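Chemist: Sequence:
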Amino acid sequence: MRRVVQSHIYENFKSLASRERTCLMKLRKRTALQEQSRQLFWQSRLNFLSKNFTKMRGTPKSGRAEVKKKRWELSEYWLPLAYGTMISWAYRTFNHYCLEPLVDALDEVELPEESEEDTEPLFFPLPLTWREIKQDSYRGSDPEWQEFVKFSMQHDLAQQVRRELANIILNLAKNFSAISQNERKDMKLRRYWLDVDFPSEPPPEYVQSGIEIGDDYIALTTHPVDSMTVRRTQRALWPSTMMLCTWSFVKVVTTDFFKKIVNTIGFKTRQPPTIEQLLARHRQLMKGKNIPPQDGPSFETQLHPEGTDVAEITSRSHPKQSQERSQDESEFEIEELLTELRQVFSRPIAAFKRTFVKFWKEPIANPPRGCLWVSGLVEIDTSKAYVVFDVKAHWDPKTRTYDMGSVTLGLRRIQLKKQAPKEGD
1 MRRVVQSHIY ENFKSLASRE RTCLMKLRKR TALQEQSRQL FWQSRLNFLS
51 KNFTKMRGTP KSGRAEVKKK RWELSEYWLP LAYGTMISWA YRTFNHYCLE
101 PLVDALDEVE LPEESEEDTE PLFFPLPLTW REIKQDSYRG SDPEWQEFVK
151 FSMQHDLAQQ VRRELANIIL NLAKNFSAIS QNERKDMKLR RYWLDVDFPS
201 EPPPEYVQSG IEIGDDYIAL TTHPVDSMTV RRTQRALWPS TMMLCTWSFV
251 KVVTTDFFKK IVNTIGFKTR QPPTIEQLLA RHRQLMKGKN IPPQDGPSFE
301 TQLHPEGTDV AEITSRSHPK QSQERSQDES EFEIEELLTE LRQVFSRPIA
351 AFKRTFVKFW KEPIANPPRG CLWVSGLVEI DTSKAYVVFD VKAHWDPKTR
401 TYDMGSVTLG LRRIQLKKQA PKEGD
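For what it's worth, UniProt numbering labels the leading residue of the sequence shown as 1, then goes sequentially.
Honestly, the hints are just simulated from the structure, not real lab data.
Please read all numbers here as calculations on a predicted model, not as lab measurements.
Even for Gly, the Cβ is constructed at its ideal location relative to N, Cα and C.
You may find that some hints are simply not true.
Claimed, not checked - Straight-line distance between alpha carbons at most 20 angstroms, and here's what the computed SDA-like set of lysine to any residue pairs gives:
# : residue 1 : residue 2
1 : K392      : Q160
2 : K188      : D215
3 : K251      : V357
4 : K361      : T221
5 : K392      : P199
6 : K251      : F345
7 : K185      : Y386
To be verified - FRET-style restraints, in silico, Cβ to Cβ:
#  : residue 1 : residue 2 : range
8  : R347      : W145      : 52 to 58 angstroms
9  : K418      : F332      : 39 to 45 angstroms
10 : R232      : F332      : 47 to 53 angstroms
11 : Y386      : T264      : 46 to 52 angstroms
12 : L244      : P127      : 24 to 30 angstroms
13 : E120      : T93       : 43 to 49 angstroms
14 : L172      : L244      : 24 to 30 angstroms
I would like the entire structure built from these sequences, with the hints used as guidance.
Modeler: Written out as structure tokens, the structure reads:
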């Protein structure tokens, strides 16, 4: 029993000793860490103080350089600030001495108030919607008819209007294509027959439909259109003159083609050869080609019997000439082709030109309302002939001038001063 108790006490003592030992080890570690941290703190503090002390005990040159560097850093901050103050001062000065007086002056000026009637609405015309509107006849109370009455009482003014139109036609005739350049130099007015008429009604007007957009509405309305614009558009859309010219050209080409077919069949006698055909046959003879007989055996078949080649004989007798001819064959072929084309298309082109001159007319605008009609003949004397023109113009009593957009000029006849007979003496 005693042994058991002793062993139990010994084990308890041993456990207490081990616990005390572990507690002592922990206390030692804590004290060691605290001492180590204190040493590190004081060491870092001493190092910091020693570094500052060494900086303060440096050489004077390094100190001066350090001070200069700090001053330069201060100047970098002050320079933008100085620029900003200068710019703001300049802006305020300009605003005070320039802009403010100008604004005050504009405020003193009274601008006219914009009325709603001044703003015109937008109009978008619809294509091919124009139409002609005939005007009512003049009445005795109309101002246009009153101007006609005043003009009829002034005979001197009527004569002046006729003379003015004759001089205008003289100036226009100097650029007329039917008169040669030499005859245009010595042109002068010979005589004229001009009548002044009073129209019973004003010229028609044209209107076009379109969409009108205003401030508070959208509507389908009509607006007036210039007559010249309408006629030019009609000519571009319906080129009647060009169609007639093309038809005359095609008609002459087809008739010539059928005539050639009929001649080849033998229903008609062959026409005499033209000068171009004779020249072409002459070139073929010079080159040594065989020309098909027209009215019997050719000249070459009479000289050389059958079985002999004229080209071989000429090449043997004249070798140099044969080489030159072979080089010029292409040029002769091109010339022959051009002559044939001219001969084929000469008559159709002439028919095209005649039709164009006959039907082509420049589009003429309608005269203004209230104009007088002045029409008749004007004869001009040139160095070689007398030229007579058909004239029609409109004189406006309000402006006392002619409306040049409605003046029409046509060649009536050309009478030569010296005329020779067509056939011989």
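Chemist: Could you work out which earlier hints the structure fails to respect and list their numbers in ascending sequence?
Modeler: Checked against the structure, the hints that fail are numbers 2 and 4, while the rest are satisfied.
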